[in-house]
Amino acid sequence: MKRMLVKKHTGEVEEMRYSLSELNAYEWVWIDLSSPAKEEAAALFRFYHFHPLAVEDCLDAINQRPKVDFFDEYMFLVIYALKENYLMEELDIFVSERLIITYHQKAIKEIEDAWGMATESPPATTIDVLHQLIDKVVDEYFPKAYDIEERLNALEENADLLSIKELMNHLYDLRMIIFRIRRVILPMNDLLYRITHTEKMHLISEKQYYFNDVYDHLLKLREMIEGYRDFSADLRDNYMSVNSNNMNETIMALTVITTIFMPLSFIAGLYGMNFSFMPMAGWRNGFWYVMLVMGISAVLMIIFFMAKGWVFRTKVYTRRKR
Amino acid sequence: MKRMLVKKHTGEVEEMRYSLSELNAYEWVWIDLSSPAKEEAAALFRFYHFHPLAVEDCLDAINQRPKVDFFDEYMFLVIYALKENYLMEELDIFVSERLIITYHQKAIKEIEDAWGMATESPPATTIDVLHQLIDKVVDEYFPKAYDIEERLNALEENADLLSIKELMNHLYDLRMIIFRIRRVILPMNDLLYRITHTEKMHLISEKQYYFNDVYDHLLKLREMIEGYRDFSADLRDNYMSVNSNNMNETIMALTVITTIFMPLSFIAGLYGMNFSFMPMAGWRNGFWYVMLVMGISAVLMIIFFMAKGWVFRTKVYTRRKR
Amino acid sequence: MKRMLVKKHTGEVEEMRYSLSELNAYEWVWIDLSSPAKEEAAALFRFYHFHPLAVEDCLDAINQRPKVDFFDEYMFLVIYALKENYLMEELDIFVSERLIITYHQKAIKEIEDAWGMATESPPATTIDVLHQLIDKVVDEYFPKAYDIEERLNALEENADLLSIKELMNHLYDLRMIIFRIRRVILPMNDLLYRITHTEKMHLISEKQYYFNDVYDHLLKLREMIEGYRDFSADLRDNYMSVNSNNMNETIMALTVITTIFMPLSFIAGLYGMNFSFMPMAGWRNGFWYVMLVMGISAVLMIIFFMAKGWVFRTKVYTRRKR
Amino acid sequence: MKRMLVKKHTGEVEEMRYSLSELNAYEWVWIDLSSPAKEEAAALFRFYHFHPLAVEDCLDAINQRPKVDFFDEYMFLVIYALKENYLMEELDIFVSERLIITYHQKAIKEIEDAWGMATESPPATTIDVLHQLIDKVVDEYFPKAYDIEERLNALEENADLLSIKELMNHLYDLRMIIFRIRRVILPMNDLLYRITHTEKMHLISEKQYYFNDVYDHLLKLREMIEGYRDFSADLRDNYMSVNSNNMNETIMALTVITTIFMPLSFIAGLYGMNFSFMPMAGWRNGFWYVMLVMGISAVLMIIFFMAKGWVFRTKVYTRRKR
Amino acid sequence: MKRMLVKKHTGEVEEMRYSLSELNAYEWVWIDLSSPAKEEAAALFRFYHFHPLAVEDCLDAINQRPKVDFFDEYMFLVIYALKENYLMEELDIFVSERLIITYHQKAIKEIEDAWGMATESPPATTIDVLHQLIDKVVDEYFPKAYDIEERLNALEENADLLSIKELMNHLYDLRMIIFRIRRVILPMNDLLYRITHTEKMHLISEKQYYFNDVYDHLLKLREMIEGYRDFSADLRDNYMSVNSNNMNETIMALTVITTIFMPLSFIAGLYGMNFSFMPMAGWRNGFWYVMLVMGISAVLMIIFFMAKGWVFRTKVYTRRKR
Ligand SMILES: [Mg+2]
Ligand SMILES: [Mg+2]
Ligand SMILES: [Mg+2]
Ligand SMILES: [Mg+2]
Ligand SMILES: [Mg+2]
Ligand SMILES: [Mg+2]
Ligand SMILES: [Mg+2]
Ligand SMILES: [Mg+2]
Ligand SMILES: [Mg+2]
Ligand SMILES: [Mg+2]
Ligand SMILES: [Mg+2]
Ligand SMILES: [Mg+2]
Ligand SMILES: [Mg+2]
Ligand SMILES: [Mg+2]
Ligand SMILES: [Mg+2]
Ligand SMILES: [Mg+2]
Ligand SMILES: [Mg+2]
Ligand SMILES: [Mg+2]
Ligand SMILES: [Mg+2]
Ligand SMILES: [Mg+2]
Ligand SMILES: [Mg+2]
Ligand SMILES: [Mg+2]
Ligand SMILES: [Mg+2]
Ligand SMILES: [Mg+2]
Ligand SMILES: [Mg+2]
Ligand SMILES: [Mg+2]
Ligand SMILES: [Mg+2]
Ligand SMILES: [Mg+2]
Ligand SMILES: [Mg+2]
Ligand SMILES: [Mg+2]
Ligand SMILES: [Mg+2]
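Residue numbers (our numbering), protein chains in the order written: chain A, 7 to 328; chain B, 7 to 328; chain C, 7 to 328; chain D, 7 to 328; chain E, 7 to 328.
This is chain A alone, in the form it adopts within the complex (with noise of 0.2 Å):
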């Protein structure tokens, strides 16, 4: 799909059919190429002279990561829409004095917006409708971050009741994401840094105040990434806790079960063997002594058990005395 927004001199912005067109008509001209032909947008770039790099940069079909080059008379910017499922859209800009082209694959909800927006309002220049587009963009990272934040709180508080290994598979899910959205927040932090200190556009220096605040969102992404991941790290630190914790529990409880049994049945085997003569064997009361001595350790192991603090209460931890 390709369409056409023009700003005429009377000042009102009017959709029109996309053409190659002398721009000196115009106030500002706004195209904007949604999966288009490779061929013509080719021809449109070319009509443009723009750069032959930028243009393969903006037509490959590998991803460029966030940048901004600057060239004599335009500007050239490659950005990342964070859409559902935390998949990124390469955006891809060119922009000049009086005409701004946006070229995408897919369907970006923030074009719209943007689109919308200088319909109704008409902007002052094509960094009016540069700035809003990428401010719309990076609005848009703020709920897919938040949402990752209530996801680790999730996975904190757990009310789902998910085992340990549910827990740590989800969190390495979560960890992946924080990763990939990680690794298009530096650049474009960077890329407003950039666009912020130029001084090769006098129209940028004038709305410095504008992308200043984008910026400055961007320095909070960045933070709350950063954060995420520290916070990710120590979760697993503790899920790892938890389980080395478990493993404790469960050993201590085998091996007092087997502490105390095991000796009670050699004593047991002891007179289940079968020799003619043997110790007691022939009492009346045999069985009950034997019973006894059974009973006595028995409650000494379980009395030694109790020192050790390995039943009836957690292991007390004392760093000096041990």
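The hints are simulated quantities; they were obtained by calculation from the structure and are not laboratory data.
Treat the hints with care, as some may be off.
Copies of the same chain look alike in the list, so a pair counts if it fits in one copy or across any two.
Claimed, not checked - No farther apart than 25 Å at their CA atoms in a straight line, the calculated lysine-lysine pairs in the PhoX-like style are these:
(1) 112 x 226
(2) 206 x 89
(3) 213 x 142
(4) 150 x 14
(5) 213 x 89
(6) 150 x 226
(7) 44 x 226
(8) 73 x 213
(9) 314 x 112
(10) 213 x 150
(11) 8 x 213
(12) 142 x 314
(13) 314 x 226
(14) 112 x 14
(15) 73 x 226
(16) 142 x 206
(17) 150 x 73
(18) 14 x 89
(19) 142 x 73
(20) 226 x 14
(21) 89 x 226
(22) 314 x 8
(23) 150 x 89
These numbers come from a predicted model, not from an experiment.
We have chain A already, so just place chains B, C, D and E with the ligands on it with the hints.
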């Protein structure tokens, strides 16, 4: 709540009824807006011609990160007061040569303090008021930071005799707090650095020593927080190693008890078999002979384990010889 | 093998017989030395007065790290081509205004490509040739990088149903490759940064956009490689946690089975003792009474373990209540 | 305690009665305040017109981080002396061209040394006195740092044959000390860097080599401390791996013993059953036949475990074949 | 030992008897002091008016970190030669336009080499001598670094079939060596950086390419050492994971054997009870019926474990379904 403090040309400071007023009538005016109606605040900001972006940052429900923006005639700051339970409260400040506006959602003790001080000993300029505000806010970080230190020390000493599991949970909570505070203190550092190095407001340069003093405190806070992070990480590693040592001990006990009683029980089992013809079964002292064999085998086992250091003494560590 | 390509003043490009020749006869000369005799290469370098240190770096058997040295009239570059199996091949390049010499030990596909392109569409200057070479070399990094990404994803999905042990070994190998590639890409980044920012060769400044384009690719590669490193570290942590979970489960199973059967076997052992007088031994239903006791004790054990979450359902995790 | 040392214009240095005195009477005056009454100190600072903020930093009970503040006519330094048990003692210093004031709460050996040296060989300026003080303080860091190194080496060698648990506890304590010292040495580095690079006091520039020498020592200390941190982290990892190896061995022993005796005991249990008709039960050599089966099964088990490397030799590690 | 090499104005280089001599008689003088008497060295340094601080650094028994100090007429360097067993030997160098003094405690092979070369092909200036010395010293780092690489590779391949425990110990030792070398190579990098960027000695600027060449080698060494650190850390993690896998396997074996035989032994125990009336006890085929039950239960257990992947095949890992 909205209130207004003015310093008259006569040097007196007086609280007045809130109104949109010309500024040249006074030395300076301080307007404090505590959870005001949004429209009223917006009207106030429009009256004094503040930049829409700064106004947006101020009125937005979403938290802004700590920052300072320098506009032509005024500056806009976002700082954070630290309240009970390590909760943050955003405080937005507009400062021009004759006007200071503070905007916040909840009551902030530090503002009350500064308001009281301004009434008693009138500050010369709005920058003095600003310094007093930031100074108070930063001073209040310290008790909270020292509180964290005490809680970390308490975890280390463990006077309450908590289990490793409980200690781990407390430590995890404490680390979450450390991370959260760190996310405020780092940008506060940048903020003060920018204020102490700006040349945009001559009034600030004149108070440079004073803002440097606050910057100093923030540097110290930063080092403290980073120290807590390292300290808590080491404490966690120490807990994990204690856990692992405990498990080692438990498993050694299990192995010792199993290794001693399994062969004994096996021998007893042998003589429990119901064969018509078994060696020694009919002897007078067969039972005692077998008991002797069992005793010897048990003693040998115990000697073997003592040599391995598994019983009566915790295993000694020598890196070279093993 | 040595060969020579010249661009004549008429604009034609022609492969000629290798010889030590004056350069003003041509627009430019490209000499390609593939595993040449050392003395012959040394003679060539002496003929064109290259600095002994650059010559040493070139002829040394030991690998040089990627770098660029600017001399008065020429520059000397060391770059690396990435071959099959992630092996690196050093490529040394001397470039002056009219001469470019490439020196390498093994055949390098990227040189063949550039050689072919130079023959077909003659580059204007030696810097164009240089750009094409570096561009080709860097372009070839991408398939290898994407290959790593695919292998990491394959490990994550584990369609081949490998064991953790095998996955760990594959991951380790992959990380070694990532480390190795990283050691080339980081200095390649510096190299391109220095080329794009140098003012020592006016021909380079004219092609700045082109070298910037390559620098761009290297920045992307750097981010990819760093991403793989983080990703693989997380994957490894995930495997470790799976291992630890498995062990937890196994030990729970062991503890459950031991705890249920040890008491039962002990009771059986009790009635296996050969005392003349044992309670119930002579009763008609003694056997069934004991069986009942055993059944009840087993049921109680199982109920206890179900309450602890050790059987029929993996243990649930709740941070607070435990 | 307060005392006063003056250098007269005649070049003699003499200890005098403490008084608030005019400075032009002497070459320089050194006032040393050791845990003085706060009001007296405050009076002194007012007399010499020091900035209230510097005075506040000095008199505050709370520790100030190491720093230097340059005022118009003087500078204010906070440094730390390292005392026994790695405790820090704050030392505050005011230095102007003719006056140096040292302020501290406890006796500091390094001040005594500098005081003695100043009496014996009179320093030319207050900056010489300052250099001697800082030099002495920093020199005293070294024995403590080397002491840490020796303790780390002692832990590594473990001549006292401590258990892993004890070693871990010692290592943890040592790391806490390393962290604490690091928090002083890093800002001391900054402090000296600022002194060696300042242009605010011409007397300092003249002694630049001398402050550079101290800076040098601090750089070395920094590298040492960072080295100890890395070293101790590796030592801890090594202990953890030893722990894990020990557990592996213990569990192998447990598994071997269980696996050998469980089947044997089961067979014995079979023939312990009280059936009227059992095969071989009435045979002459039935007992020996069963013993033979048991022996063979035991030997097979042991061969199997030897093949697995679990007995008689620690398991060998081969990455590829396993 | 002290010796003296001079280059005469005639261009000859000659070894002379050591003496305190005027320098204008020669092109340059090289004095080499190997473990000299301290007083003699001090006299020499006084004779040539070297700064007391530099002299102190040189004569101090305590090791100085690698560094360069620029004084008005000379510079003072501290570098480290790497000897057998990765031991460092400090080498102190004073260099002025006509004088170079080398001071060291033990014989250093690299000095012998440079001394020999200086005799054979006379260097033009003292800076050429200095370059040759540093170049030789840095060149000697490489064989040691490659040696570490080989030892790391040997650990990875484990041709000697060492156990994990032994591998861990070797790895730990190797890491200690890596840390130690790193502590020399990092400041050596700074040192060379400062030499290549200084403007204090015009003779150095003229040899800039040569010092750049050495700097290059140090950059490579730095990357190698950092690589070894990463590599060894990964190797250690790999060992730990192997350990953990082994333990998993062992515990699985233990659990399998216990789970199979405990119920069987329990059934045998049941029929070992001495009740007068037991079901099937008197039957002709009672024994065989029980055996059948036992066989079926064993087969069911094994089928269950095969389904869990605990026997006959190492457990397969699938992240999603589990
Ligand atoms: Mg491209
Ligand atoms: Mg594209
Ligand atoms: Mg926005
Ligand atoms: Mg917006
Ligand atoms: Mg904003
Ligand atoms: Mg966290
Ligand atoms: Mg905003
Ligand atoms: Mg707000
Ligand atoms: Mg304060
Ligand atoms: Mg204060
Ligand atoms: Mg202060
Ligand atoms: Mg710590
Ligand atoms: Mg070389
Ligand atoms: Mg080479
Ligand atoms: Mg390319
Ligand atoms: Mg290309
Ligand atoms: Mg490109
Ligand atoms: Mg990852
Ligand atoms: Mg203060
Ligand atoms: Mg103080
Ligand atoms: Mg010193
Ligand atoms: Mg000294
Ligand atoms: Mg020194
Ligand atoms: Mg010195
Ligand atoms: Mg170490
Ligand atoms: Mg010294
Ligand atoms: Mg020395
Ligand atoms: Mg060299
Ligand atoms: Mg060399
Ligand atoms: Mg070289
Ligand atoms: Mg590695």
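How the hints compare with the structure:
1. 112 x 226: Between copies, since 22 Å is at most 25 Å while 28 Å is not.
2. 206 x 89: neither (32 Å within a copy, 41 Å between copies)
3. 213 x 142: So residue 213 and residue 142 pass the 25 Å test inside one copy only (16 Å; across, 35 Å).
4. 150 x 14: neither (38 Å within a copy, 50 Å between copies)
5. 213 x 89: Neither way: residue 213 and residue 89 sit 27 Å apart in one copy and 37 Å across, limit 25 Å.
6. 150 x 226: both (14 Å within a copy, 24 Å between copies)
7. 44 x 226: So residue 44 and residue 226 pass the 25 Å test across copies only (24 Å; inside, 37 Å).
8. 73 x 213: Both. Shortest intra-copy (19 Å) and inter-copy (19 Å) distances satisfy the 25 Å Cα cut-off.
9. 314 x 112: neither (66 Å within a copy, 45 Å between copies)
10. 213 x 150: The answer is neither: 27 Å in one copy and 41 Å across copies each exceed 25 Å.
11. 8 x 213: Answer is neither; intra-copy 28 Å and inter-copy 33 Å both fail.
12. 142 x 314: Intra 63 Å, inter 51 Å, cutoff 25 Å: neither.
13. 314 x 226: Result: close neither inside a copy nor across copies, 51 Å intra and 44 Å inter.
14. 112 x 14: neither (29 Å within a copy, 49 Å between copies)
15. 73 x 226: both (19 Å within a copy, 10 Å between copies)
16. 142 x 206: within (24 Å within a copy, 31 Å between copies)
17. 150 x 73: Both: 22 Å inside a copy, 23 Å across copies.
18. 14 x 89: Neither: 33 Å inside a chain and 55 Å across chains, both beyond 25 Å.
19. 142 x 73: Classified as both; 17 Å inside a copy, 22 Å across copies.
20. 226 x 14: Answer is neither: 38 Å inside a copy and 40 Å across each miss the 25 Å cutoff.
21. 89 x 226: Intra 19 Å, inter 21 Å, cutoff 25 Å: intra and inter.
22. 314 x 8: neither (77 Å within a copy, 57 Å between copies)
23. 150 x 89: within (9 Å within a copy, 28 Å between copies)
In this structure, the earlier hints numbered 2, 4, 5, 9, 10, 11, 12, 13, 14, 18, 20 and 22 are contradicted, and the remaining ones agree with it.
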